[in-house]
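Peer 1: Each chain is listed here by its residues.
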Amino acid sequence: MPVTDAPAKARALYDARRTRVPIPPFTDEDPSLGMADGYAVQKELVALLLADGDRIIGHKVGLTSKPMQKMVGVDSPDYGPVLASTVYRDGDTIPLGSFIAPKIEAEIVFVLGERLEGPGVTVTQAHAAIAGAVAGMEIVDSRIVDWRIKLADTVADLASNGAMATSSRIVPLDGIDSRLIGMTLTRNGELIDTGAGAAALGDPVAVVAWLANVLGENGVALEPGHLIMTGALHAAVPMQADDVFRAEFDRLGPITVRVATGSAGSESGA
Amino acid sequence: MDTQQLAARLSKAVADRTAIDQLSDDAPDLDLAGGYAVQRVLREEAGPLVGWKLGVTSRAKQAQVGVSAPVFGFLAGANALDLGEPLDTSQLIQPRCEPEIVFVLGRDLAGPHVTAADVISASSGVAVGIEVLDSRFRDYRFTMADVVADNTSAGRFVVGTPVPPASIDLRLVGVVLEKNGEVVATASGAASLGHPAAAVAWMVRAMAAHGEGLKAGEVVLSGGLTAAVPVAPGDVVVASIDRLGTVELGCR
Numbered sequence: 001m002p003v004t005d006a007p008a009k010a011r012a013l014y015d016a017r018r019t020r021v022p023i024p025p026f027t028d029e030d031p032s033l034g035m036a037d038g039y040a041v042q043k044e045l046v047a048l049l050l051a052d053g054d055r056i057i058g059h060k061v062g063l064t065s066k067p068m069q070k071m072v073g074v075d076s077p078d079y080g081p082v083l084a085s086t087v088y089r090d091g092d093t094i095p096l097g098s099f100i101a102p103k104i105e106a107e108i109v110f111v112l113g114e115r116l117e118g119p120g121v122t123v124t125q126a127h128a129a130i131a132g133a134v135a136g137m138e139i140v141d142s143r144i145v146d147w148r149i150k151l152a153d154t155v156a157d158l159a160s161n162g163a164m165a166t167s168s169r170i171v172p173l174d175g176i177d178s179r180l181i182g183m184t185l186t187r188n189g190e191l192i193d194t195g196a197g198a199a200a201l202g203d204p205v206a207v208v209a210w211l212a213n214v215l216g217e218n219g220v221a222l223e224p225g226h227l228i229m230t231g232a233l234h235a236a237v238p239m240q241a242d243d244v245f246r247a248e249f250d251r252l253g254p255i256t257v258r259v260a261t262g263s264a265g266s267e268s269g270a
Numbered sequence: 001m002d003t004q005q006l007a008a009r010l011s012k013a014v015a016d017r018t019a020i021d022q023l024s025d026d027a028p029d030l031d032l033a034g035g036y037a038v039q040r041v042l043r044e045e046a047g048p049l050v051g052w053k054l055g056v057t058s059r060a061k062q063a064q065v066g067v068s069a070p071v072f073g074f075l076a077g078a079n080a081l082d083l084g085e086p087l088d089t090s091q092l093i094q095p096r097c098e099p100e101i102v103f104v105l106g107r108d109l110a111g112p113h114v115t116a117a118d119v120i121s122a123s124s125g126v127a128v129g130i131e132v133l134d135s136r137f138r139d140y141r142f143t144m145a146d147v148v149a150d151n152t153s154a155g156r157f158v159v160g161t162p163v164p165p166a167s168i169d170l171r172l173v174g175v176v177l178e179k180n181g182e183v184v185a186t187a188s189g190a191a192s193l194g195h196p197a198a199a200v201a202w203m204v205r206a207m208a209a210h211g212e213g214l215k216a217g218e219v220v221l222s223g224g225l226t227a228a229v230p231v232a233p234g235d236v237v238v239a240s241i242d243r244l245g246t247v248e249l250g251c252r
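Chains A and B, in that order, are what the protein sequence lines are. Residue numbering for the first sequence follows this note's numbering, starting at 1 and increasing by one per position. Residue numbering for the second sequence follows this note's numbering, starting at 1 and increasing by one per position.
One or more of the hints may lead you astray.
[What the hints assert, rightly or not] Here are some, though not all, of the chain A residues that point toward chain B, as calculated from beta-carbon distances under 7 Å: (1) Glu-114; (2) Gly-182; (3) Met-183; (4) Thr-194.
[What the hints assert, rightly or not] What follows is a set of in silico ranges between Cβ atoms, one per label pair, in the way DEER data are often shown: (5) B:Leu-83 / A:Pro-31: 49 to 55 Å; (6) B:Asp-29 / A:Pro-67: 37 to 43 Å; (7) B:Thr-246 / A:Gly-97: 43 to 49 Å.
Read the hints as simulated data drawn from the structure, not as lab findings. In this text, a Cβ means the ideal position worked out from N, Cα and C, and glycines have one as well.
All chains should be built: construct the whole structure from the sequences, respecting the hints.
Peer 2: What follows is the structure in structure tokens.
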């Protein structure tokens, strides 16, 4: 039976985003809630955010690695919209006060060159539709207390997306095997983790095809210019004030963000 | 328990294909230097050497076992697998595979001040490799002195076709380890001590203390770039490194 109070649940998440006071997991009260319920709430939440004047400029795909899928007990990724109000640039300062319990992840981000509408989109078609890749970081955040999330909770909560940062140089994929794009993540100059594109569903391009096909079932297409965040290449790292995170991607270049106390408003991109 | 006796225990474990308790259980005073002394006995008995290998090169692993430096061991020619040659797991105790960047020395390299740049300029090639670890200690439980004595768990190894190292940023090359068609781990070259050539340079400096060094033609396995994956008969392991290529290892 589908979730009946999606608008109320969406409102609770909407308020948690504004007040930065997290809420208990929906699945505490109703453990039977599943993926479809999560998306029903997400849809209502997105409507509330768009009514405030925000815009969808792309999508994030999460749970793209086997370890993450095991942790949440699923065998497929999930997705959520990327909102224009949450995009930072290379070099930006990210105010901790805009989030509840933020963590950072380095990701390969694709910029779409052509419209893609599923179902039936192949990895080859997805590859052809991608204008290029940029170095990216996702700030994941949970409006659910202590990240105590089950699948329905995180899906409802915009797939735990908080914000994103991207470099500006779009690198065409011609001749690049995106599975093998290497990545190093440093914090204050110290190496924290490494990874390669294949950590995302075996191939980040396959993530785009998966997303196009899942959205296609609801009549939603990926549009030219859309940013597609293809999933973390390593375990997420908690963020603290004064941290400087730098992710460097082979062939795509680096991206750096600083972390500061305070909240959104004074910094660019916020 | 003297050095010869400890080495004999390890040799017997290899011959019997049976894991043993860690040496430090019976030799609580065994330290790192003692471990290298045991390893030297094994090296003298190993037949022709073809190179060297590093271990404990990831900062995460170093932090986990509470050390701040890697360790090294030797590569016996008898333990080299050729490209396409299957791994006979029945010859080993508890094999685990990990992807590595392999340096092929174009000239001798020795000295107490060797740096990563020296390693790269002395290398005629770099290649993707798979190291098959095979700790002689039950369940891979050992102290640092134990693992050094056990030749840093060296089992078998396979080296792909080398390419010239010039203009490859080995720090950033993507590394993918697959087992039976599934991605099991990814990394970049930086996973070994921040830069695989820096790991090799560390080893050359450590060898210099004993008046040793690398010889032209030798290969160096510069340290596991991901966690090692256990293998059994029927498994296929594939290591791919951007710009270096792919090596596939079938197990029987």
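Peer 1: Next, verify each hint and record whether it holds.
Peer 2: Going through the hints against the structure:
no., hint, in the structure
1, Glu-114, "26 Å, violated"
2, Gly-182, "3 Å, holds"
3, Met-183, "6 Å, holds"
4, Thr-194, "4 Å, holds"
5, B:Leu-83 / A:Pro-31: 49 to 55 Å, "52 Å, holds"
6, B:Asp-29 / A:Pro-67: 37 to 43 Å, "40 Å, holds"
7, B:Thr-246 / A:Gly-97: 43 to 49 Å, "47 Å, holds"
Hint violations for this structure: number 1 only, all remaining hints satisfied.
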